[in-house]
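Residue numbers (the working numbering), protein chains in the order written: chain A, 1 to 513; chain B, 1001 to 1506; chain C, 2001 to 2627; chain D, 3001 to 3165; chain E, 4001 to 4097.
It is worth saying that the hints were derived from the structure and are not from the lab. A virtual CB, placed ideally from N, CA and C, is assigned to each residue, including glycine. It cannot be assumed that every hint is accurate.
A few chain B residues that face chain D, going by a derived Cβ cut-off under 7 Å, partial list only [claimed, not checked]: (1) Phe1031; (2) Phe1035; (3) Phe1122; (4) Ile1137; (5) Ser1191; (6) Ile1227.
The calculated DSS-like cross-link candidates involving lysine-lysine, where the alpha carbons are at most 27 Å apart (straight line), are [as the list claims (entries may be wrong)]: (7) B:Lys1158 / D:Lys3162; (8) A:Lys375 / C:Lys2161; (9) A:Lys110 / B:Lys1386; (10) A:Lys110 / A:Lys29; (11) B:Lys1158 / A:Lys114; (12) E:Lys4091 / D:Lys3112; (13) B:Lys1386 / A:Lys29; (14) C:Lys2112 / A:Lys374; (15) C:Lys2578 / C:Lys2562; (16) D:Lys3162 / E:Lys4023; (17) C:Lys2597 / D:Lys3162; (18) B:Lys1378 / C:Lys2573; (19) E:Lys4096 / B:Lys1445; (20) E:Lys4096 / D:Lys3112; (21) B:Lys1466 / A:Lys114; (22) C:Lys2578 / A:Lys375; (23) C:Lys2562 / E:Lys4023; (24) A:Lys6 / A:Lys62; (25) E:Lys4091 / C:Lys2597; (26) C:Lys2562 / C:Lys2573; (27) D:Lys3087 / E:Lys4096; (28) B:Lys1445 / C:Lys2597; (29) B:Lys1466 / A:Lys161; (30) C:Lys2161 / A:Lys161; (31) B:Lys1386 / A:Lys161; (32) C:Lys2162 / A:Lys375.
Far from chain E by the CB rule (all over 10 Å, computed), these chain C residues [as the list claims (entries may be wrong)]: (33) Trp2009; (34) Thr2195; (35) Gly2356; (36) Gly2604; (37) Leu2606; (38) Leu2611.
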Amino acid sequence: MDFFIKHLLSILIFFPVFSIFLLLPVNKKNEGILRNLSTFLSLVELIFSLYLFAYFKQNTYKFQFVEKYNWIPSFGASYFLGIDGVSLFLILLTTLLTFVSLLSSYRYIKEHVKEFVILMLLLETFMIGTFAALDVLLFYLFWEFMLIPMYFIIGMWGTGKKVYSAVKFVLYTLSGSLIMLFGLIYIFIMHYNQTGNFTFNILRLYNTHISSSLQIILFIALFLGFAIKIPLFPFHTWLPDAHTEAPTAGSVILAGVLLKFGVYGFFRFAMPLLPEAAFTLAPFVIILGVIGILYGAFVSIVQKDLKRLVAFSSVSHMGFIMLGLFAMSVISINGAVLQLLNHGIATGALFLFVGMLYERMHTRQIKDFGGIAKKAPVLTALFMISVLASAGLPGLNGFIGEFLILIGSFHSYPVLTIVATSGIIFAAVYLLWMFQRVMFQDITNPEAENFEDMNLREIITVLPLIILMFLIGFYPMPFLERIDPTVLHFVSMMNHHNVVYNAVKLKTGLSNA
Amino acid sequence: MHNAPSIYGLNFLEKSMLSIIPEAVIIIFAFLVLFFAFFEKLAKRKNSYYLSLIGIVFSILYVLMLSDRNMYGFYGSVIFNGFDVFLFIAILFSGLFTVLMSKDYIENSEMPAPEYYSLVLFGLSAMMFLVSSNNLIMVFLSIEFMSICAYILTGYIKGSTRSTEAALKYFVFGTYASAFLLFGSVFIYASTGHLNLDGIHYFLENISYVGGVDRSGGNGIKVYISIGLILFLVGLAFKMSLFPFHSWTPDVYDGAPTPITSFMATGIKIAAFAIFLRIYSLIYNFNVMNFNDILWLLAVFSMTFGNIAALLSSNIKRLLAYSSIAQAGYILVGIIGGGFYGYSGTLFYLLSYIFMTAGAFAVVIIFENSDLISLDIKRYSGIGYKYPFIAASMSFFLLSFAGIPVTSGFMGKFYVFSSAVKSGYNWLVVIALLNSAFAAFYYIKIIVKMYMPDKEPAGASISRGKIDEGLMITIIICLILTLLMGIFPQIFINFANNSVFSLWRI
Amino acid sequence: MDFKILITWLIPLFPFSGWLLWGLFGKYFKGLSGYIASGFVAVSFILSVILFFIVAYSHGFTDTLYPWVYAGIFKVGVSAVIDRLSVIMLVMVTGVSMLVHIYSIGYMQGDKGFSRYFSFLNLFVFSMIMLVIANNLLLLYVFWEAVGFCSYILIGFWYEKKSASDAGKKAFIVNRIGDFGFAVGIFLLFVTTKTLNYETVFTAIPSIPAYTTTIIALLLFAGAVGKSAQFPLHIWLPDAMEGPTPVSALIHAATMVTAGVYMIARFHVIFSYSPEASEVVLAVGTFTAFFAAFIALTQFDIKRIIAYSTISQLGYMFMAVGIGSYTAGIFHLISHAVFKGLLFLTAGSVMHGLSGELDLRKMGGLYSKMKTTAVTFIVGGLALSGIPPFSGFFSKDAILADIYNKGFYFAWAVGELTALMTAFYIFRLIFLAFFSESKIEAGKHVHESPKIMTIPMIILASFAVIIGFLGIPPFNHSIFYGFLHTDFKTAAVFAPAVNNAPWYILSLISVLMGLFGIYIAYILYIKKALNPEKIKSLFKPIYALSYNKVYIDEIYNFLIVKPLYAFFDFLWKVIDVKVIDGAVNGVASAFAGFSVKARRIQNGMLMSYILTLSIGVAALLFYYFIR
Amino acid sequence: MLFYIFSFIAIFSALMVVAMRNPLTSALYLILCFFALAGFYVMLDMQFLAAMQILVYAGAIMVLVVLVIMLLNISNIKNMKSDLHQKIIGVLISLILFIEIIFYISNGVPKKSTGIFTEALIRKVGNTQFIGEFLFTKYMLPFEIASILLLVAIIGAYLFAKKKY
Amino acid sequence: MNSYLIVASIIFCIGALGVMIRKNLIVIFMSLELMFNAANLGFVAVSNRLNLISGDIFVIFVIVVAAAEAAIALSIAIAFYREKGTVDIDKANELKN
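Isolated chain A (complex conformation):
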């Protein structure tokens, strides 16, 4: 047990690979076994990850479950894992959503089941690794390879222009992350030039001294990589295509986890490594974020395709998160981190429901629906809960995050915050309008006449998400009290850097007053 806890992160990372090896011998033909076995294994993984939660020490910002072994000494790269309050919940989200999406795809995925489950598990490995890695090279390794399974999932089981979307997804994100790689390498080399030894240990790299002008350039390099992943307006264009064509499971993972990597990257790498630049450029990032909030909302209002609508809604939500992150107040960053979870949960649930609708009606056009509520009360109720959670209705999770973000950012950016707040109105508009047109009113499409309600599996699939929505809505403390110390330390670190920076500026008369 002690061993188990000590190496929990490695176990979490490599258990899916192990499960892949369990799955390999199974014959392609008997898909039942494949489905059930993979789902079961991901459930086991989920349970393991709950240990992470149980053994996580609160009220400390120090990294926990740390593992450190030499990997590539001549680059100073090491197998260095560890989590703090932020990555803890992101890992939990990952395991949960993987389980959920595997469970959700029993009906959607009809062919090449084996490949599908293997890819999903592979994807899980790399996602967890990305969140757990504290070594930049290791992080990048996980970060970039993640594209490949996702690309296959979109391209092989997608619909419509799946190949176009998949390729667009890969190329767009790849080009971003390669620019980012340049920034990382540069910092790595700078640290070498200053200290004379190679290291990728992020905690050491934090101490690299970089001139403010250079910081701006490097920040932009990293920014491109992360912002495309988020995606921040105007780099969002890959997202709607990928979301729209991806299979349900793919969309869930994409929205639930992959979009988080951008924000996580900012939190863990871009901002602490380049604090001055972060402070200097924060207004621009926030402006982009706020534009994203409104733009996403506006564009979703006029969407005809359910999934595309949800996709644009996530552009809007990620805008909120960026606002919270870059406002750099403890409250707002708390909110942003919480909102990462909320967005994962709510949007994931939305995609699940859209998937269910698609499985039954074989269309995603809003106009083809209507009057579903009459046929499927359970679906309606749960769907409505997730819609409201995504619309930020108080009492559900979305509200807490958004409110913290806004109230935290109001101090430093009042006007932008007010503009952002107006986003909640439009969120209500597009979500409720969509919901009305899809579920309410009268049945127009004959196919809807024999629309069967959710079966037990589907209910089990969404239930954890629904429960979490209420839990975070009514009692977010278990989450906040673990996130708060980390965020507190983060902010103090940033501010410390900033203070030093200002002091230096005053000393050297650089102050741009």
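Starting from the known structure of chain A, arrange chains B, C, D and E on it as the hints suggest.
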């Protein structure tokens, strides 16, 4: 300068022979294989195939046995040290893969086996001589030796106009380029009075340490040596297929028998890069003149041209040819980055490059048959489901080309690029990264074809019944090593570091 | 746990559990759920009565159930404030809800969404209770929106009707617009006072700059405007009548819509420290009161008439709180809750009797057919039009008198005029529906509603009669004032009384106004002394204006909704698809073009290859040639 | 004086090699050019090389070439339409090359003589002997390789020329 | 010595010209030989000037290589002629793009 470390109680000839044992072994086996050609019944059977395999393996063993030695041979016309060890291993591996791939291929287009294998072996020995040569005569001679073997092998398919045409183009182009090399070495000779590389090295050291003005010639010498080096570079750049000396590459790769294409893409390229690296580290990087900005241009043009040209090409062999041009550009980045770090990065990249290229070509051979269509990418549509393993490994190699992590390609790219950043070539690295970003498109295009056919799989199938085990072995070895170099590169990095150490120790 | 605290948290617990029950297992309960739900609410009514007396004979208290959101300095718990204001509201809310629940059992009989209906009704009661007892702005905001959600879901209860679901959506979104202001107000409040708890906020308020207070107050008031359907955000309330009538009675007359008034009374410190904001409140209230009454004059849909009258009455309440006489406002709130709830219930029973008929022009002569309904309705009408001794008289009169005495003569005049119009339109309704000759189309069997519906009506009617007497003796000596004004001690007095006209004169004026209105209705619709059509044609434009609700909806639609939608469409079709996405794809196709050109170099001609090489050599040599 | 004659012959015949339309003629001019070069070698005290030049080049290689020309009988000009502007480009480029090389040569100064093999010494001992010595001591390995190279070339020629396997 | 080098480079450039503009494979081969010989001349001249011998050795090897190349070139020419019926290298245009 003949101060080779004394080897216990051997007379001069033995010492010298010791320094060329690996080559000698290969040549001996080449003769043996050739010998079979005279006897019909021996030639019929697979003997030559196995014999050449054995020869290569022996040679590898010898290299490993000698791996800690560091010696001159034949009055310093050849060197044998860690640098050669690394590259011998690499080259011998490429030869091994070539032989393994060839069996199946030869059976299909009934070509006489013994001559073929012996030529491959001769070519191998030529490459090894080239790598270890310490003398402009040796360099010229072994380049020609290598090229002639390549010419013959390129035109090896009888009655295939494509093959002959490839040989013709290769020959004219190659001879033209080596004429430049020759003429360049005239000037080097004229300016330094040496043909031995280390002689030139010491000479240049003297003049460059006294601020380029020495008792003999001074700046005038710089002018001479610079034209010499430029013309010499042309000769090598042709072998490395750098833009604008690349233009033979697609056609020759396309026309040649596919194993030979792989041989050229791996072996010859590696050898050329190796000797270039040696000469560069010995000669070019003195402040006689700054060669890095020439190389900068060459690298940028090569990678950009290669990638852009590959974007739309539908013939897999041509596509790989273009991509090899681009890869050459990436490798050059490491040399530009320079220093210990950069050179070992270059070697690492070269090694990883062998494995991915050989693997990819092995897969190409599997799906190739006499008709031309077999080279079209369309033919790969849907094989992901018919032959999952092969398709998976092909995608893996392609991803490695594209430099996606977990593959050796990523580690190599990372290594060379970081070395370039280390010595301040930021723009070069940015350009290279952007290149590899949009280069990913055409690699992924093939993966798309394999796994996401737009319609029902076009029914590509292996022309003969079963997959030859030689090809399988090749693919598996390449797969394992590509993965290994991608995840645990440290051993290979150490290996490369040692060889660079001994490169310095001249 | 202390007894009163236990009670405090039991009160919301019952409806909450009710909601979960019906929500999860509704289909197993069938008809039973109605009774149990009513029982739950009854229990919390009794508990709140107990709490009322506890507080009445001791003092208020606050309690925190559990820490809710702690992030940095932002610390908010789930905590309740129990003082006289909140207990009064509690009693009113739970009482009316109880009656409406009971009424609904009959009204919703046989509807397939029966238990769904009760689950949401319970949820509403829970949210309303929490809203009333919330002790910090975040909690208040949460349930502020929660009640909005309940109204959304209940308005759209019959979701198959497009009009119904539209109305629900409209209600929610318009409320959101108000809440937007409310939220920003909360942000500003937090940024200035670093806390959201009532008492700490209130203690901080006097020390912060006046203009900040004003901004905060106005922003909070925006929320109130949305929630209490004041002009210009009143548009959702008339449409909200698409929902079941008991819902209209409970949510859109008695409780939720009055939340705005309650909020201002609760934040009397903030508002009283900013006279400007209070002025605005007064102005909006006055205008809305008049405006809504004006629209109500000519409507024919009985529920809409009552809805507009609700808006107008809410205007009265805002006038009251706008001049700082909070007790009067709350008093009118209570009495209005009673008689307006009554009116809606009776209207519902009329509908029930006429199987869903709402149009006045298809009624008439119902008095003979449904006596209880008619009588109770008339009681409500008298209360509304402020005829003594009904409750409306006392409460409205208190407000108008205060306004007069504090010297807002114009507002007072408008108020009196509105009182006249009120009396007119409600009695127009009564006469047309119950007395004039029947215009019900044949074959429709009209019947009195079952007991379970009439009894709540009767109870409410009796309350409408008696509750007014809390308002005597008049002015600051009344029972109600004496009970409640302790809570408003902290308020700053910004509008002192400038003159005290004797109460009987003011009362007389307003009573006369009421009677005059009734008389006009009488001569128009009973005596037929002069033909309504003539008057209609006489004031054609004004009539049209009133009949079409001053075209507010059309104006909004034309000025806001359509342009916005066009803009969004432009964003999507042009900016996103053409510009942003086009740029990406453009890059791709550009590379494709390069590729074609690049491969043109490889034309297969050996000559050209040789040429490229030679050019390369020449270039390299030239490169050093120039340096 | 002699130098100029030889260089004139060499350059002129070289030009002719390129210019003549008939391959046979250009072959003959090439032989002439080789003779001129041999003359240079003699002037530079490398009689051995001169002999080699005559024997190997003019003797062996050119005979082979002429033989092939006869064999394929392409001496009567097939109409190889040679497009003009390619010619122009070619001339241009070679001119540029020439100018550049000349520029380098004229600016550059070769190394000062340090070697021991002065003309006197070579005259005394004889160039053939020196070459022989070096060829079999210092340049033994290249010599061996050259032999293998020739063998390979033979194999290649045999493989290419063969009609079919 | 420079004069020799100049002559050599002239011949070299003429050879290059021949390769660039002629289409007859045999002639191209001859031009290549010209270029090699230019180099030879250079080597001899240099080694004479610097009183060295290694240049001359190089020349010998170049001659050997030239012979080998001749063999290859001519056999390729024959093979090509056998397939295309001409030695016009413009006919070698199957492999393109």
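(request) Hint by hint, work out which the structure violates, then give me just those numbers in ascending order. (result) Going through the list in order, the structure violates hints 1, 2, 11, 12, 17, 18, 20, 22, 23, 29, 30, 36, 37, 38 and respects the others.
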